[in-house]
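Trainee: Sequence:
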Amino acid sequence: MELKEVTLAKKEVYAGKVFTVEHRTVTFPAGGLAERDVVMTHHATAVVPVTEEGEVILVRQFRAASQKVMLELPAGKMEPGEEPAACAARELEEETGYAARVLRPLIGLWVSPAIVCEKIHIFLADGLVKGQVHRDADEFMEVERLPLAEACRRILTGEIDDGKTVAGLLLAREVLNQRV
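Using my numbering, the first residue of the sequence shown is number 1, and each one after it goes up by one.
Nothing false has been slipped in among the hints.
In silico BS3-like cross-links for lysine-lysine, where the CA-CA straight-line distance does not exceed 27 angstroms:
id	residue 1	residue 2
1	K164	K17
2	K119	K11
3	K68	K164
4	K164	K119
5	K10	K77
6	K17	K77
Derived Cβ-Cβ restraints for the label pairs, each shown as a range:
id	residue 1	residue 2	range
7	H134	L3	41 to 47 angstroms
8	R36	R145	40 to 46 angstroms
9	E174	Y14	37 to 43 angstroms
10	V129	E22	40 to 46 angstroms
11	E53	K4	44 to 50 angstroms
12	P29	E174	34 to 40 angstroms
13	T7	L170	30 to 36 angstroms
14	V13	Q61	27 to 33 angstroms
15	G131	F62	22 to 28 angstroms
Hints listed in this document are in silico derivations from the structure and should not be mistaken for laboratory results.
Just so you know, even glycine gets a beta-carbon here, dropped at the ideal spot from N, CA and C.
Assemble the whole structure, with the sequences as input and the hints as a guide.
Mentor: Below you can see the structure in the form of structure tokens.
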């Protein structure tokens, strides 16, 4: 059975700085119509930076949608035409001041595929070298280092509840445990 919907019409109903919203009319495989609203945005990257001591470098920042300060992986939107690894390296240095000698892809995840077109590429960063922070003018955050095991424990207590961070930390723990 074919599961794919076919878009018959789409109209941009909102255009903002970070995303646009499209209203779409679709047809189902077995017939019938439906209306869909889809958030269109750039793809993104996140980085799990792990020090030689087994600590992860996270950033603590306020998030408007959740109305809370969150502990997260360094992350950011990809520029048009930018490769995921290049974005990951850029965001790592901008937000934490660290550069990675090695960036390895962990996974690409769709953030909320029912309504958002964003895919986030998560990387594991090794061989960290301290450099300079280069944050954007609208970025206010603190850098925090934690043992990877402690960061994963904070997932279980609910302190770390950002989706990309949960996925990245748990995948990094799994990959690093397999190397030992």
